[in-house]
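Protein chains: 6
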Amino acid sequence: MMEPLLLREIIKSFLIEDLGSGDITSASIFSPEQAGQAVFVAKETMVTAGMESVAAQVFKLINPQIACQAIPDGQTITAGQTVLEVTGPILDLLKAERVALNLVQRLCGIATLTAEFVQQVKDLPIKIVDTRKTTPGLRILEKYAVRVGGGHNHRFSLSDGILIKDNHIAAAGSIKEAVNKVKNVAPHTIRIEVEAEKIEQVEECLTCNVDAILLDNMSCSALRQAVNMAKGKVLLEASGGINLDNVRMIAETGVDIISVGALTHSAPACDISMRMS
Amino acid sequence: MMEPLLLREIIKSFLIEDLGSGDITSASIFSPEQAGQAVFVAKETMVTAGMESVAAQVFKLINPQIACQAIPDGQTITAGQTVLEVTGPILDLLKAERVALNLVQRLCGIATLTAEFVQQVKDLPIKIVDTRKTTPGLRILEKYAVRVGGGHNHRFSLSDGILIKDNHIAAAGSIKEAVNKVKNVAPHTIRIEVEAEKIEQVEECLTCNVDAILLDNMSCSALRQAVNMAKGKVLLEASGGINLDNVRMIAETGVDIISVGALTHSAPACDISMRMS
Amino acid sequence: MMEPLLLREIIKSFLIEDLGSGDITSASIFSPEQAGQAVFVAKETMVTAGMESVAAQVFKLINPQIACQAIPDGQTITAGQTVLEVTGPILDLLKAERVALNLVQRLCGIATLTAEFVQQVKDLPIKIVDTRKTTPGLRILEKYAVRVGGGHNHRFSLSDGILIKDNHIAAAGSIKEAVNKVKNVAPHTIRIEVEAEKIEQVEECLTCNVDAILLDNMSCSALRQAVNMAKGKVLLEASGGINLDNVRMIAETGVDIISVGALTHSAPACDISMRMS
Amino acid sequence: MMEPLLLREIIKSFLIEDLGSGDITSASIFSPEQAGQAVFVAKETMVTAGMESVAAQVFKLINPQIACQAIPDGQTITAGQTVLEVTGPILDLLKAERVALNLVQRLCGIATLTAEFVQQVKDLPIKIVDTRKTTPGLRILEKYAVRVGGGHNHRFSLSDGILIKDNHIAAAGSIKEAVNKVKNVAPHTIRIEVEAEKIEQVEECLTCNVDAILLDNMSCSALRQAVNMAKGKVLLEASGGINLDNVRMIAETGVDIISVGALTHSAPACDISMRMS
Amino acid sequence: MMEPLLLREIIKSFLIEDLGSGDITSASIFSPEQAGQAVFVAKETMVTAGMESVAAQVFKLINPQIACQAIPDGQTITAGQTVLEVTGPILDLLKAERVALNLVQRLCGIATLTAEFVQQVKDLPIKIVDTRKTTPGLRILEKYAVRVGGGHNHRFSLSDGILIKDNHIAAAGSIKEAVNKVKNVAPHTIRIEVEAEKIEQVEECLTCNVDAILLDNMSCSALRQAVNMAKGKVLLEASGGINLDNVRMIAETGVDIISVGALTHSAPACDISMRMS
Amino acid sequence: MMEPLLLREIIKSFLIEDLGSGDITSASIFSPEQAGQAVFVAKETMVTAGMESVAAQVFKLINPQIACQAIPDGQTITAGQTVLEVTGPILDLLKAERVALNLVQRLCGIATLTAEFVQQVKDLPIKIVDTRKTTPGLRILEKYAVRVGGGHNHRFSLSDGILIKDNHIAAAGSIKEAVNKVKNVAPHTIRIEVEAEKIEQVEECLTCNVDAILLDNMSCSALRQAVNMAKGKVLLEASGGINLDNVRMIAETGVDIISVGALTHSAPACDISMRMS
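In order, the protein sequences belong to chains R, G, U, X, S and C.
Counting from 1, position 232 in the first sequence corresponds to residue 231 in numbering that gives the first Met the number 0; the numbering is continuous, with no gaps.
Counting from 1, position 80 in the second sequence corresponds to residue 79 in numbering that gives the first Met the number 0; the numbering is continuous, with no gaps.
Counting from 1, position 45 in the third sequence corresponds to residue 44 in numbering that gives the first Met the number 0; the numbering is continuous, with no gaps.
Counting from 1, position 79 in the fourth sequence corresponds to residue 78 in numbering that gives the first Met the number 0; the numbering is continuous, with no gaps.
Counting from 1, position 131 in the fifth sequence corresponds to residue 130 in numbering that gives the first Met the number 0; the numbering is continuous, with no gaps.
Counting from 1, position 252 in the sixth sequence corresponds to residue 251 in numbering that gives the first Met the number 0; the numbering is continuous, with no gaps.
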């Protein structure tokens, strides 16, 4: 669930962007009373995301009287299926159309790609997670779509997770020093994760009482070494260059988590279109 | 050029999204005085877009003291090239990093894909244009990237262009009727374009004094018919299902404009990363 | 029709301006339950504009329970006629009163003045249009009032119309050069209009494939020359120093459009007052 | 002085309204480096208002590098005089032009009209004041212009002054009752003014320890009666139907204050234009 | 009464602060359909403030379907009493809980402390008033709580009251000069109060036709002197170092008003907790 | 460090609240050129917080030209010491005064109270932490003051920490079930804390792999039992009814963390005043 209060403000700003000073074409032709019905139809196979929580809300923000019937999230559907039905003044349906489509095409794309990654590893005790490589302005929506697709979320912002990277380590002098400095400041409610590029750093992390290690761009054999060393003591996250071809192989190394930037920065938009009926 | 006043507000909201209540990791480790330098490096071949106008502005919004040296827009560069150099407090460089990267990776992706389309038709008197299928919240940025890639822009919002579609025509009774209704309302400063799905509709358009016809999902032979009928009298825009494989063929029909939704909704993000130096 | 989503935000800011930290006088005297009825009464002859779309919305933003009965837009009414009836808590009626009146007095003023201009030329095939000389913050409202009065709108902002003026021409070197530069950038959905101060510039425009020419401050004989040269090829807009005394004479030159800044910058507010009943 | 912090936010919203998605015409023709100079020139006699505090700020918000030389407020100038000189990138000068002009034309109009009213009564111990009949969104600017013209301000919002009107009196039962209820709630820092339509109400006010009486639409003889009764005990404000023809006559009745809605709702905009040099 | 339009915007921003990107704990466990009931229970004796006007609005902003039954403002209640009952989706009740409690604990604290001050002087013709020493962002709420507790309000902002302090007097040269300068600018709707630290300044004030004198940090004997001199001619406000122990003594000097910064800056929060039932 | 980008927006809204439509008193008396100097002076012993990061920023937002010299955070100072020196236009110093004081008085109060708690337990390996019982709108500032006082922060919002309470447990059926549901949704970057009211619940928590247990309102002997059972396996946080008298006793039970709502909801404001010099 995304928080409706936050979503409403975001969607309002998107509508204002698309409306400019108003939809002149439709306003010239339709009276506010002329009612109609439209459906969103999938043009390809996809995992649904956001029909009720996002698309229907776009229509309702334009006009709370519009009635919406949406397919639940997380359904795998095929070309030709109806995913949303909206009834109300045609003028208002047309004003909401583009923003609603632009959003759900992207969200379904993310859910669909996430589901493909999840499918590759579904019999393994592992989580596919996203990153902060989301579209600016759309983070809570895109991270929601990842969850719909069966994935999990990495931190939402720089403040709800600690991730100590190479620059931090270099500046602090050592992993131990960096971890100590962070522990002095960070709330105890968030975990401390350290990025390791070499197996020696994994060893160093284990002496510092961290919660998780991000194994950055390691080979499968290095990942296996890390798993042998640290599994069960800290969470192990593999990251860097993960794709549908290598995700299974990496998962089989025994890491707990695989993070995939592509889930949000490279998911192709799904093809959905609106038809008046 | 994007308008800096508008851009500033947009980028500020993106930074707030990514900062949450603050970058705890970096704030625990770096003092505000610790200065450093970082570079954005291309990891693949791409057309640059937004290094100065967007990425540098993200850094400057975090801290106006950060010095930026950016590669101009529209350059074709290859893997390994530096596209931006930033100097200032490390704390601030790290705070701006992700938002700046998320934006320029997307913008370079759009510029690069646009340039590929433009390249296919570069010897023909034709324009490649975008659509309103942009990422909500990023329209002025994405449409800028299209221009950087050599493309042109379709309307920015529902208010700066008239596009009469099938629903409008049906509601009005005929193309003529729809055009008349619109002319009664629309400012004379914007053009009137009508969507035609069949060649008969092109004919009808020609009797109505419209400015442009959007030839929707027509075959090449239908497009050629339309060109024979209407070229020079109205602008002819081909649209629907255009990709890198068929854009040349469609361009050779003689239409004036080809609009491609994929420029913005399906451009893969380019791979760029930040390295501290 | 103005877009309600945009209007709501604008009206809210106006109410906040007028409320300060709250209406102390009324809050001291009326309980929230005390209901009443009020009417807006015209104190002079006028063309109505915005009673339903603006004034009623002001009341409803203060309290959605207020019932409103408004006279339609575009009616010519005389002193003493009721134009709006509102029923609800007196406290809320008084809070909305001033903002609602300030807005409709101005909008009726604009509609009324526009109707007078339109009346002068009503048998001629010509449009009376407004300019960007609107009150900052009220553009979509004032341009709506112009339409209500029978006028038409020029561009809403710097982005939904091209207007090449003397400075642009000087900087580009020639009209042709300026037009070419603009065509390289501007969306094909907006028209290109060029300001001409002399008849030679009209000639030059005709060689450049522009859509409209703004004939700035030309004498009637110069306007007639322009019409002879260009009518039917491009839209001809007369502008500069137009008033109720000379508009007919200018219209008779045969131009297509007359733009009048006074419609918005100098329309006297109409006298309307609220009476509790 | 208007508060710059408030002014900046207001002006920013006005610029956004006028820019739309950007000034396409100028951006196509001018490079950001092309510098120029422009002047605002008065086209008629007027009292200056807002050249430095408003117009210059519009230019500086677009680009802080623009240098401005403005004529002080409150000067009476004649046609042809330069009131503002701005130097900077031409692109930026043109972007700010319309908003700056729309504002100062209105403000000079108000200052000029106010000065005419003030001139009529300049030898009398009386204040000309404005009302809340200002343009929504422009209150602090328009009330500033009134001060520049030699006038004074009535309350800025419903919270910084008590004004008990007929509806309040009717609801409370009597003037005394209304005043008592208000005194129980209102801060002691704001004055209590009661609207009186008849001379008996003036009498009643005098028994209630109010600070001011608004004498609404009274004849000169009634005003004189009120002055005889109450002058020196409470402030006496005449209001309703005041114009340049009757203001002197009303002032001579001996009231302390004359409030004139026309100062803000009906001041004709002054004619000022920008010339590039 | 606080103005709902203003309150809504304020409360929305508070909820966004507390929600971050959403209530993960509750969203993981409760479905949106699971309904429940909760009560706010007082854990100590207090004067109620804001249950209906603030707490209930927090819940309704999260979900307008939540039903609320609130105790009226200004009731003295004891530990164990229910002050608010809310019914609706548990998920939404938990999201609103903390913000609602944080607000009413503070408001009840202020109302309770104010009532204690008022109680001390209840048989005297004197007003206990607050200051501008409120929590930034909460002024209209905290000043409302003062009224609920039987106190009165000093000015809400720098613009709805004139207060001439020592720095102003020093800069102007004398009290007379300062008062004159202010009278030239200030609306006649707000009173002029001058801060006096010595009895000579009280004398000077009386010659200047001011409305009120703030007697700053004066001894009781000095206050009595001021009362002898000025009572009935101007409002006399005692200020500085007032507490529950000395307020009675100060009140008995005969001043009209006692202002107490502690009402808002030092009222201890009342203990209220929410229980699901 | 608080994030300046966030702070700026917050402080701006506080200034707007306090300015109303402007500081009439000062604007009437001081010219913008009249420069002066002022100091913030402590009137009692306190731990400093926010002089540079908050108070100085208030002044700079009013006028970036104001020069500020601030005492560092975390200093223990005594009555009479100067904590901030500001130089600039007197008009601007006075406009910023109240907001700056209101903020730092509160922040110093929180830092001072926190330091007292920390002092009580300074030789023990324990952290004093705050809660979400902060003033709405001031969370990042108040949590900063806690850190300045030597305390640590609990979660900033509902999204950056998991806290499973009795209602969650009841709804889920058991602690185990609740934890499992949360693990399916929550990012791995945030810890899972469970509230336990009885020692049996501590036991149950230990079987569920949680990160921390909030021991709510337990007696010291129960706390010691919990420490014996769980210390070193999970973080143990004592909470509920902690004050300066019992904090030592509770700390000696061996828990890792003590959370104290009073740090933010009941810290008395410190007395600081501004003197012009």
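Accuracy of the hints is not assured; some may be wrong.
Identical copies look the same in the list; a pair holds intra-copy or inter-copy alike.
Here are the computed lysine to aspartate or glutamate pairs in the EDC-like style, where the Cα-Cα straight-line distance is at most 16 angstroms [as the list claims (entries may be wrong)]: (1) K164 to E84; (2) K132 to E115; (3) K182 to E32; (4) K164 to D215; (5) K232 to D210.
Source of the hints: derived by calculation from the structure; they are not laboratory data.
Against the structure, the hints:
1. K164 to E84: neither (47 angstroms within a copy, 20 angstroms between copies)
2. K132 to E115: For K132 and E115, neither the intra-copy (19 angstroms) nor the inter-copy (25 angstroms) Cα distance is at most 16 angstroms.
3. K182 to E32: Neither way: K182 and E32 sit 61 angstroms apart in one copy and 21 angstroms across, limit 16 angstroms.
4. K164 to D215: Within one copy only: 10 angstroms inside, 36 angstroms across.
5. K232 to D210: Result: close both inside a copy and across copies, 8 angstroms intra and 13 angstroms inter.
In summary, the numbered hints that this structure violates are 1, 2 and 3.
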